[in-house]
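Asks: Given only the sequences and the hints, what does the whole structure look like? Please build it.
There are 2 protein chains.
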Amino acid sequence: MLETSRRWRREGDSVGLVPTMGALHAGHMSLVERACQDNTKVVVSVFVNPLQFGPAEDLDRYPATPQRDLDLLRSAGVAAVYMPSAETMYPAGATTRIQVHGVAEPLEGEARPGHFEGVATVVAKLFNAIEPDRAYFGQKDAQQAAVVKRLARDLDTGVEVCICPTVREADGLALSSRNAYLGPEERKAAASISAALRRAANSYGAGEHDLERLRREVLEVLEAEPLARVDYAALVDAETFRPPGTLAVLAVRIGKTRLIDNHDLAQPFPG
Amino acid sequence: MLETSRRWRREGDSVGLVPTMGALHAGHMSLVERACQDNTKVVVSVFVNPLQFGPAEDLDRYPATPQRDLDLLRSAGVAAVYMPSAETMYPAGATTRIQVHGVAEPLEGEARPGHFEGVATVVAKLFNAIEPDRAYFGQKDAQQAAVVKRLARDLDTGVEVCICPTVREADGLALSSRNAYLGPEERKAAASISAALRRAANSYGAGEHDLERLRREVLEVLEAEPLARVDYAALVDAETFRPPGTLAVLAVRIGKTRLIDNHDLAQPFPG
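Order-wise, the sequence lines are chains A and B.
Residue 1 is where the first sequence starts when you use the working numbering, and the numbers rise one by one after that.
Residue 1 is where the second sequence starts when you use the working numbering, and the numbers rise one by one after that.
These aren't lab readings, by the way, just hints derived from the structure by calculation.
Just so you know, these numbers come straight off a predicted model, no measurement behind them.
A few of these clues could be false.
[As the list claims (entries may be wrong)] Here are some of the chain A residues that sit facing chain B, going by a computed Cβ distance under 7 Å:
1) ARG97
2) ILE98
3) VAL100
4) LYS125
5) ALA152
6) ASP154
7) LEU155
8) THR157
9) VAL161
[What the hints assert, rightly or not] Some chain B residues well away from chain A (every beta-carbon gap over 10 Å; in silico):
10) GLU33
11) PRO66
12) ALA76
13) GLY118
14) ARG168
15) ASN202
16) ARG242
17) GLY271
In this text, a Cβ means the ideal position worked out from N, Cα and C, and glycines have one as well.
Replies: Here it is as structure tokens:
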């Protein structure tokens with residue numbers, strides 16, 4: 001992969017990377033589209049990274065649609081798909097791990113110990129293996145995006161990290177490969193997550209800037225939905241992921257499925 | 001730096017990196033010489049990395065001879081010297097750290113908590129900032145060499161890590177920038193370190209393969225030197241740095257100066 005990427009750049013191409021765990025949806029494809037606009041060669045990595053899953057999490061049942069993914073990526077005109085095996089990425093004896101202190105510690109960092117260490121380690125490996133000019137991540141995983149930006153700067157990777165807007169269903173639900181876990185009733189209930197963000201953004205737009213009151217509005221919407229259980233709901237600064245701030249970040253369980261979403265309340269909610 | 005290095009490679013050059021903390025001696029220059037043989041462009045980094053020093057260590061008095069270093073490197077024909085400031089390497093808010101588990105944990109890892117995290121982090125940054133084809137390290141810092149090899153593989157850096165033989169004074173003392181700390185009596189006493197390795201290597205060559213007896217021989221030589229205090233003396237495997245093995249690794253205090261050295265007892269001691 002590195003040889004190919006270096007040959008491309010030697011020939012004057014620019015290289016964009018879209019890291020994914022497969023099970024591609026329109027959210028991923030919007031990253032691919034943006035990468036194709038910005039670069040002459042686009043590489044999409046498809047790798048369900050075991051290092052970023054906790055022992056009680058859904059690694060074993062994470063959705064996999066490899067043939068469909070390849071078809072989608074072929075149609076989108078990407079130059080290469082990088083699909084390493086777990087044994088290639090983590091051969092016996094591999095012991096190096098990357099930690100991003102600070103921004104990786106609260107919220108998802110607390111809820112999923114080891115998650116961001118897994119993300120940081122695999123992203124650094126992908127950056128080294130592909131040496132892209134730019135890499136694309138979704139705003140849907142806002143804290144991951146902040147962690148990757150920090151990592152890219154701190155380790156002198158020379159990679160420009162581009163964050164692209166969340167893609168949503170008609171009712172507002174943020175696209176996620178994990179939406180596939182939802183039953184029909186759960187799918188309806190999951191709309192409460194974006195509804196909560198929308199309600200708080202509307203209040204903010206109408207002049208309510210008290211962060212604790214905005215947070216309570218978010219919680220009220222979610223607590224009205226019997227199938228939803230709030231893991232966390234916080235209003236944080238978009239760089240540190242600590243309060244206070246206008247970035248509303250949510251982790252919510254709908255049945256057994258844990259979903260995350262976020263929105264900067266100082267911006268109108270889309271749609 | 002990255003732009004220059006990428007331009008060189010675009011033009012068909014190969015790039016060798018010799019990371020140093022300055023205060024250059026013949027040991028460093030042997031790495032530079034080897035790098036110049038293997039590559040068409042050689043970069044030497046000079047950076048006293050605060051991250052790899054403990055709070056009670058010698059960061060503030062680490063020897064610095066920048067003008068002499070530059071003169072030496074100019075004469076040696078290196079293509080670039082990379083001399084970042086501490087503020088460039090670790091700007092406010094930089095929080096990313098790299099840990100190499102396993103090989104970095106015993107011996108120096110125990111004696112100097114955080115040392116190898118500092119080494120791993122700065123080496124990854126240098127590899128990213130320069131993207132060398134090859135990087136050169138001395139066998140004198142044997143455990144560091146093993147940690148860097150592990151890191152280079154684990155993070156898919158594509159960098160070939162080349163380990164070069166220890167350069168020694170006439171009496172066997174391994175060259176080290178820290179030898180400058182030694183007073184005249186201490187300098188004489190420091191020869192006990194290599195003498196201990198030589199005696200055990202001679203015994204091994206004469207048929208003594210009992211590792212515990214070989215270790216006691218090493219200790220006997222050091223304990224006969226009143227100015228020497230043994231920090232550790234172990235016979236370890238050269239990949240894991242855990243016993244058993246024939247790599248004799250030593251950390252010894254001569255007065256206030258802590259020196260390390262090592263030798264594979266299965267090989268004749270040089271000189």
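Asks: Each hint needs a verdict: does it hold in this structure or not?
Replies: Tested hints:
no.	hint	in the structure
1	ARG97	5 Å, holds
2	ILE98	5 Å, holds
3	VAL100	5 Å, holds
4	LYS125	5 Å, holds
5	ALA152	9 Å, violated
6	ASP154	4 Å, holds
7	LEU155	6 Å, holds
8	THR157	5 Å, holds
9	VAL161	13 Å, violated
10	GLU33	27 Å, holds
11	PRO66	22 Å, holds
12	ALA76	25 Å, holds
13	GLY118	13 Å, holds
14	ARG168	31 Å, holds
15	ASN202	34 Å, holds
16	ARG242	13 Å, holds
17	GLY271	35 Å, holds
The structure is inconsistent with the numbered hints 5 and 9, although it conforms to all the rest.
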